[in-house]
Amino acid sequence: MTEFINIKNLVTKFDENIIHDGLNFSIRQGEIFGLLGGSGAGKSTLLRQMIMLEKFSQGDVHILGTPLKKISLKNAHSLRLQWGVLFQFGALFSSLSVLENVIVPLKEYTKLDTKQMHAIAKAKLRMVGLPEKVVNLYPSELSGGMKKRVALARALVMDPKLLFLDEPTSGLDPASARSFDRLIVELKHMFGLTIVIVTHDLDTIRNALDRFIILHNKKILIEGTMEDVKEMKHPAIERFFASH
Amino acid sequence: MLNNSTQAELTIIHQDSNSYELQCSGSWHHDTIQDVKKRVDELEKKDISNLLFNFANASSFDSAGMMLIVNSINSAVAKGTAVTFINMQPLHQRMLIFYRKNWVDPSFHTPKSSPGFFEKLGKEFIDSLLHFNAFLSFIGQSTWHLLLLFRYPSRFRFDALTKHLHSSGLQAVPIITVTSFLVGLVVAYQGAMQLQKFGANIFVVEMVAISMFRELAPMITAIVVAGRNASAYAAQIGTMKMTEEIDAMRTLGFHPFDFLVLPRMIALMIAMPLIVFLADMVGIFGGMVVANLQLDLSFMEFIQRMHSEVELKNLIIGLIKAPLFGLLIAAIGSFRGFEVTGSTDSIGIQTTKSVVNAIFWVIALNAAISVMLTEMGI
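The listed protein sequences correspond, in order, to chains A and B. Counting from 1, one number per residue, gives the positions in the first sequence under the working numbering. Counting from 1, one number per residue, gives the positions in the second sequence under the working numbering.
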């Protein structure tokens, strides 16, 4: 299987404060991969480094075969068109309506006519479980869970190969959170999407993730599946899974 | 998408009266389906009873490509055409089913209708009445909390007051100095040109002094302070409102008026007369410089003339107006901050409004005071 993301000896320092000290792992095509760890373990930072929002100090990060170190503007742009990102609080553009938010990438990067764009955007909105009547609302009129769904629709609208989700189920009620998990798995099967998730949600970890890493004390404590973790006895892992 | 994909194609490979067999080939992506789209539109106009899609040569689809197929299938089915597809890859089949399940008729899209002229006018009018009402209630609440302070002086936030005195008063000194110097200079310069014609050079003193003391220094200061502080107050309080900091204060039992509004109001009421006095002095100095260079009037002569001819009441009127302007600016700035709602847009809107309103009301209040005093003969 091809490796979509490959990280070697990644070191992150903020001034003298070391966040990651030599991380090594890779994410394969078509899997749902979790970045887990306690608060402040550097999960979100790691995700933001993968999507080029933050820089790393040392090491190598390859996304879809492209090294991020000294990446050219052109390569960076073409990478950005191949992934979708869902931020923790949605990060919708507050001056645009729901439909306009989802259409933004299509308008910018395709030559489709308005009717086609609307059809695609509406299908994606419906796909993430939003009713038709929300399309003309503005983000300030939506609940937290709806904002996340709209943001997911926006992330999916360009048919990305890679999807990055930052705590997709935090702040959702349990039923919505589980349907979100199902949706993620369905997307994986349907489009062969590769999905990287930062999460704390134990149900998501059990139901959706294929593999994950747990960050602890600046290093990767374990890389593997739920079965691998069960066999391991480590106070940090026990605490992580017991606290939920 | 980045791909070296071939153009999408749709060809009629077999036609038997009203039955068509269509072959889809190539990759159907948003950047390759423009030609195919036209063909689909053409076919839709025809009267077809049986439609067969052959996907044998189709290599890949993205949402836009699959949507095109779904659209044409749906409109054909709606017309009573029997549609079948063959040789479809399992992945594409799943996609097709998925998109048909999630298909929404795009022609039903009804954007919010924009209101007509009278509707907008009426809405604006009612809105401004409501806002005025809200502003009056804001002023009322501030006054009430101010009165409460006399009862419970320990509630007063002295730290916040000194902080705002520093940021709104002291830090405004450089810009006020430069502006009022330039205004004094310009007034004297333009006046000097006219007065020279009559040989009435000496009157430049009254002109500069009275206009600076009574009108210009308070106005210029108020406008600069409105630009600096009304916007700052609106943005600060607005951001706090958005991040629920104000709600947090309330639940902890701190009243936002005591913490946020009163210190700002009192700080500006103290700072404004001081800055206006500075503006008076610097403005006069600007006038003196021009009088000296342009009209050969020495600094001493200027001051003596001012002493004998310009009444003190002019200075006092200006200094009395100053705290009123300060109160108005702080009140409008804070009020606009509290008007911020959930969206990031509203911070920008309210900040703009705070400056525009503050400047407008300062000018209006100044005009009212000016007329009132003149009618009273002061």
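Please keep in mind that the hints were generated in silico from the structure rather than gathered at the bench. Fair warning: there could be bad hints in the mix.
What the hints assert, rightly or not - One-sided and incomplete, this derived list gives chain A residues near chain B with beta-carbon spacing under 8 Å:
id, residue
1, Ser44
2, Thr45
3, Gly90
4, Ser95
5, Leu96
6, Ser143
7, Gly145
8, Val185
What the hints assert, rightly or not - Rough simulated footprint, nothing fancy, chain A against chain B, three-plus residues with beta-carbon under 8 Å:
id, segment
9, 28-41
10, 134-143
11, 210-222
12, 342-353
We put the beta carbon where it would ideally sit given N, CA and C, even for glycine.
| query | With 8 Å as the cut and Cβ atoms as the points, is Ser44 of chain A at the interface with chain B? | reply | violated, 19 Å
| Minimum beta-carbon distance criterion (8 Å), Gly90 of chain A to chain B | violated, 13 Å
| How about the segment 134-143 of chain B: do at least three of its residues have a C-beta closer than 8 Å to a C-beta of chain A? | Our answer is that it is violated, as 0 residues pass the Cβ test (under 8 Å) against chain A, missing three.
| Taking a Cβ-to-Cβ distance below 8 Å as contact, does the segment 210-222 of chain B have at least three residues touching chain A? | Not satisfied, violated; 0 residues make the cut.
| Holds or violated: is there a CB of chain B closer than 8 Å to the CB of Ser143 of chain A? | Ser143 of chain A check fails; min Cβ-Cβ to chain B is 12 Å, beyond 8 Å.
| Minimum beta-carbon distance criterion (8 Å), Val185 of chain A to chain B | violated, 14 Å
| request: Classify the hint on Gly145 of chain A as holds or violated, based on whether any CB of chain B lies nearer than 8 Å to its CB. | output: With a minimum Cβ separation of about 16 Å from chain B (threshold 8 Å), the hint on Gly145 of chain A is violated.
| request: Would you check chain A against the segment 342-353 of chain B, counting CB to CB pairs closer than 8 Å, and say if three or more residues qualify? | output: This one holds; 4 residues, not fewer than the three required, reach chain A with a Cβ under 8 Å.
| task | Count residues of the segment 28-41 of chain B with a Cβ under 8 Å from any Cβ of chain A, then say if the count reaches three. | result | holds (count 4)
| said: Please check whether Thr45 of chain A passes as an interface residue: C-beta within 8 Å of a C-beta belonging to chain B. | reply: Given a least distance of 22 Å, the restraint on Thr45 of chain A is violated.
| Holds or violated: is the Cβ of Leu96 of chain A closer than 8 Å to a Cβ in chain B? | Violated: closest Cβ of chain B sits about 10 Å from Leu96 of chain A, beyond 8 Å.
| said: Next item in the hint list is Ser95 of chain A. Is there a CB on chain B closer than 8 Å to its CB? | reply: Holds: closest Cβ of chain B sits about 5 Å from Ser95 of chain A, inside 8 Å.
Of the numbered hints listed earlier, those contradicted by the structure are 1, 2, 3, 5, 6, 7, 8, 10 and 11.
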